[in-house]
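Here the protein sequences line up with chains A and B, keeping their order.
Using my numbering, the letters of the first sequence correspond one by one to residues 1 to 377.
Using my numbering, the letters of the second sequence correspond one by one to residues 10001 to 11072.
By construction, these hints were calculated from the structure, which means they are not laboratory data.
Cβ atoms here follow ideal geometry from the backbone N, Cα and C, with glycine treated the same way.
Among the hints, a few may not be true.
Here's a subset of chain B near chain A, in silico, CB distances under 10 Å, partners left out [claimed, not checked]:
| hint | residue |
| --- | --- |
| 1 | 10332 |
| 2 | 10353 |
| 3 | 10525 |
| 4 | 10527 |
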Amino acid sequence: MSGTAVLVLADGTVYRGRAFGAPSTPASPGAGEVVFHTGMTGYQEILTDPSYAGQIVCMTYPEIGNVGVNPVDEESRGIFLRGFVVRDHVDFPSSWRARESLDAYLRRHGITGIWDVDTRALVRRLRDKGAQNGLIAHGEAALDELRARAAALPSMEGQNLVDAVTCEEPYEWAEGDSWSAGARPDPTYRVVAYDFGVKRNILRLLHDAGFDVTVVPARTSASEVLAMRPDGVFLSNGPGDPAAVPYAAEAVAELVERVPIFGICLGHQILGLGLGGKTEKLRFGHHGANQPAFCTRSKRVMIASENHGFALTAESLASNPEIEITHLNLNDDTVEGLRHRRLPVLSVQYHPEASPGPHDTAYLFSEFRALIGAQRA
Amino acid sequence: MPKRTDLKKVLLIGSGPIVIGQACEFDYSGTQACKALREEGVEVVLVNSNPATIMTDPDFASRTYIEPLTGQTVERILEIERPDALLPTLGGQTALNVAIDLAERGVLERLGVELIGAKLDAILMAEDRSRFGTAMEEIGLRMARSRYVRKLEEGAAALELVGLPAILRPSFTLGGSGGAIANTEAEFREKLEWGLRQSPRSEVLVEESVLGWKEFELEVMRDGADNVVIICSIENLDPMGIHTGDSITVAPAQTLTDKEYQRLRDASVAIIRKVGVDTGGSNIQFAVNPETGEIVVIEMNPRVSRSSALASKATGFPIAKIAAKLALGYTLDEIPNDITRETPASFEPTIDYVVTKIPRFAFEKFPEADARLGIQMKSVGEAMAIGRTFRESLQKGLRSLEVGSYGFEPVELSAEELREVLPELRPDRLWLIAQALRSGLSLEEVHERTQIDPWFLNQIRAIVDAERAIERGDFDLRAAKRDGFSDQRLASLTGVSEAEIRSRRLAEGIRPVFKRVDTCAAEFEAHTPYLYSTYEDECEAAPTERRKVIILGGGPNRIGQGIEFDYCCVHGVMGLTSDGFETLMVNCNPETVSTDYDTSDRLYFEPLTLEDVLEIVERERPVGVIVQFGGQTPLRLSVALEKAGVPILGTSPDAIDRAEDRERFAELLRTLGLLQPDNGTARSAEQALRLAESIGYPVLVRPSYVLGGRAMQIVYTASDLERYMREAVRVSPEHPVLVDRFLPDAVEVDVDAICDGTLAVIGGIMEHIEEAGVHSGDSACSLPPRSLSVSMCGRIREATRALALELGVRGLMNVQFAVVADELYVLEVNPRASRTVPFVSKAIGRPLAQLAARVMAGKSLTELGFVEEIVPEHISVKEAVFPFVKFPGVDTLLGPEMKSTGEVMGIDHAFGHAYAKAQRAAGMDLPTGGAVLVSVRDADKAEVEPAIRTLAELGFEVFATDRTALMLKESGVAAKTVSKVTAGSPHTVDLIRGGAVQLVIVTTDTSEPRAVRDSMAMRRAALEHGIAYFTTAAAAVVVAEAIRALCLEGLEPVALQDLSTGKPPVPETLRG
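Same shape as in the complex, but just chain A:
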């Protein structure tokens, strides 16, 4: 059903497989930072998560495409990642919700894929050597040239990818999670959500938690936000290096004393930067739905969905005594959450909105609302 394809890493390693998705062209091969995701479900949510902008994602679970794709499981208006790598792909979706096959979906969105690859070998290389750039080329290709091009790709460090994925205009979000039947609490609060590449499920869960949500572009200034008189500000997830979007941390620094804030993923990193912390690039990051997030307050472990290549360093946060580290990833002790000791400000590195992943930490949306409620009482 498909021709040959290669995935070439910046270090020169070549993985052979077969082509699927949109054909690569010499002008636009699927090129980006190659990362792996260890979730066994949720490839459609991953494909449409803007946080993967600029990346090629390899799924560690080998059978991908089984349930096709459907309009409900899209996490954004499109696909921002650059390439998709899987072990096995059978173009035969089976699900009562499927409306399209994965292959057709990738083609429609112009995303290049490669399958029939020894993905485990690739993952082991990325694990041992760290995430690196790579590109996917369909058909017969001059490997040396591809190697050179892969090596020349820019590093993820210092890349501002937020500007490419954020919305152009502010908009209201008024849709909840169709899978949960719970009633919205009353009264509702107004939250302004910075879109650094926001996932729809975050907006849905904010809505369901009792927020009237206004989504604003990433470069919205603090004063513009305050002019909307929000009860709280939300900092979304997003792609790339947080240090490359200094305007966001600057806006947050202005907002932090004036309005309750909740951040997720990139939003968490930006909040940390706004509070004086620093971020570093992780070797291969955390991309999966099975990560142990330990809450230092409750001493309990939540299974969390995570997707980040950068993290706030514990040392940098220690310099601000008003910051409490509230969550740690038990696998490697990276910072996974923080709270301001004095202000109604909190953030987590992981994804309480899941999608894909477990719902263990969804309570944080209500907790944010409770924080605002307490503030206003």
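Given chain A, put chain B in place with the hints provided.
Same frame as chain A, now just chain B:
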């Protein structure tokens, strides 16, 4: 939360004998628990009646009781041992039931024993379906609509509620025993009546049918701090309607989106919290409507289950071990993940391969049984396969089953016939589906008839399509290997030999690589070499330079080859480890201890075929391979392996052949001056008849090279022999049939011995209780022998030693003898581990298989300090356990064909006590009073009479059928006459059903089909009403002896540790 310091001594309950629905998986979980508890310094007291378990090895617990798993026995053990806690969640339903009994009777409270893992209330909430149903509604979930029925009259109202088809589930049974589907009102009534009898509480749940829905299972763990993780999701390829134990299952779930999967995950977390399982694992089953996604909760097991064992093997996450640690108070984040070492157990395993489990059935043993599958479990074993794609995993699974299949071989049925059989839920449905797709049925049509998710069907279609290309010769060999095709299947598709495919493959450099099972999809480095093969680029086997030995396991459990062989394999590992070898295990049975990644140094979870084993051997280059521990499976490979240049450790394949080849064996016996029953080998039906004529009827006939007595029969007449040759076997020059003189009144004797080539030492001599004609695996036996003379025992020893030395046995050997008056016949010699090795090892307190492995690897028996037979002072009795209750309409009569699934052991100071314990452990609690029903064939009357006299003297009321009653009266035993069933009511079966008798002794002339038919109702009635029944005269005699012992003094539990030290078995102080 750190470990609790108040739990110093914990009692662990095992699951007893292997039965359908409860197999080696509980030895695996119990052994892990023992190890985990002892690692924490906890003193473990273990109770399990099954001697063929690793957990009951005296080294695995501080105190080991091989005793019946009944409330009363365990109560007495609690009184003796006074542990701090009882851990009931690792021994299957059996352990849970014992714990419920002890808790409900106030025993635990009286003795101050805490129930850890799951409290009584949690167990009861999960077990009691109406409470569980209410609990589900409270957390926003629902079960199928249902109603409990306790009387036949209540059936109609229940049926009104749920509609047809309706499901009937008797309460408190294991393995879905007695479950049934009713499609019509008449069927409903009939099944309800049967179900009410099945349930120990006479209670049946009548339930809405969700047949055809998708079925999923989630394995959940919770710790004392309320952390909950999902270890594994499992999707049943078979939709609802087939018991999950009989379903082909796949891990992880394949056909759920994340949104749908997370709903099941949320539900599972809510359920384990609601039920309140404090710590440990649970298995939760769901049905999902394939058209709407609607979820129905099917059930929850508040304990480690068969699926947990599968999930552990599928992910590398040791559920039972972790469960044991959690029960001591640890939390998940405090326990390290053994495989990654650097990460904690508080995460959810993620896998980067596909696992397929395929059940194995034994319907060939029960030709009268209904071979269609349903909600009652019928499989006896299972194979698991790991592949990087579903296709590879499935095809590896097919050849792992060892049913002579190496892929989707064609089935000779027309498209029309296939249309008809597809909806029938047949055990061979996978092959039928493939054939249907091959014959041009559309995928939609197959889906309509099987309700199997189209995704799976499409995968099978992809394999069938690939086969077409292969048959045309137009294929890429590497691509075919990547899809899981075996060399053998490729050979038959292309019309060449397997060797040709293999050499082409090697020439093209197409070799498998080995990947690791690591719980984390390679996110972290794996430190445990738990490997599977696949055809990809990178190999992670990383063999060491150590001196290593490969031990080939036994594959899926089946009747005749079960846990006993896994026990031997594990002991082989232990023995070789102590001699400094690196040990490598190859096996594909997920239930076993041998496939625990920390049993051997390296585990290859692979099919046991020549192709797969050779690839491992070539990758690892061991000093040798051991084939004599895993039963027939590895033994069958020995010649081919040797031919391929693989060193076989221990007894040479030539010596094995000398024992198995009829002519060479006869020559061997002549050389040694030993007798064997007249016999011959027939290569055609005519030859068989001529042979039988010259030997004289009755004769024992069977195909050559079989284990477990398959297709073995005693034949009394020429016309019976003709029928046998026509129907039961396919005789040919390559597949001859063996004809032996049958010795009707012989006492059979089993001997296990060990030999290093120069010294042969007897392990144990076992005298069978049942007379010749009953398969040795189905017969009870006693060690030491109970009736053989000293001189006969001496002759048996001498013959055994002579055989071992003459054959040059290195390792284990089993000999079966028959004693007729003063003559000793050799029936067969098996120079390999036998089914009785674990039993003998337990009885004599020496690990025979371990010693044998060390002998095979070069040690002498003298060096090992095992130079003479140990004849224990105590008596050990082994009894077989049968699956008859799962097969309605099947006769329970014993014969030369093995039918038992498991065994139990009774140990005591005297035979009667040991036998009574074994019976109790096998579920036949011998009565000490009441009434006995006797109906024996004429030939048995003289032998049975004294036994009945004994029972009468002990106060039993005696009922007997006409001629038996007459005989008893003549010899002065008062007996009331009862009509046989054929004579009309009131008859024997009415008596049994009415609860008027507590013991049934019925023997039948097996050469008379009519007599067998007429007496069958009696046997089935006794079985179904849970009344102790015995079907041989020999058993009747010992039963009377055992009952007398019971009447004189009760049974007292005894710990193995008190035996092995040489102390008398039952200390005076403990006898009441």
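| query | With 10 Å as the cut and Cβ atoms as the points, is residue 10353 (chain B) at the interface with chain A? | reply | 6 Å, holds
| task | Have a go at the residue 10525 (chain B) hint: is there a Cβ in chain A nearer than 10 Å to its own Cβ? | result | Cβ of residue 10525 (chain B) sits 8 Å from chain A, so the hint holds.
| Hint validity - residue 10332 (chain B) Cβ closer than 10 Å to any chain A Cβ | Holds, because the Cβ-Cβ distance from residue 10332 (chain B) to chain A comes to roughly 6 Å (cut-off 10 Å).
| task | Identify whether the interface hint at residue 10527 (chain B) stands, where standing means a beta carbon of chain A within less than 10 Å of its own. | result | 14 Å, violated
This entry does not satisfy hint 4, going by the numbered hints stated previously; all others are met.
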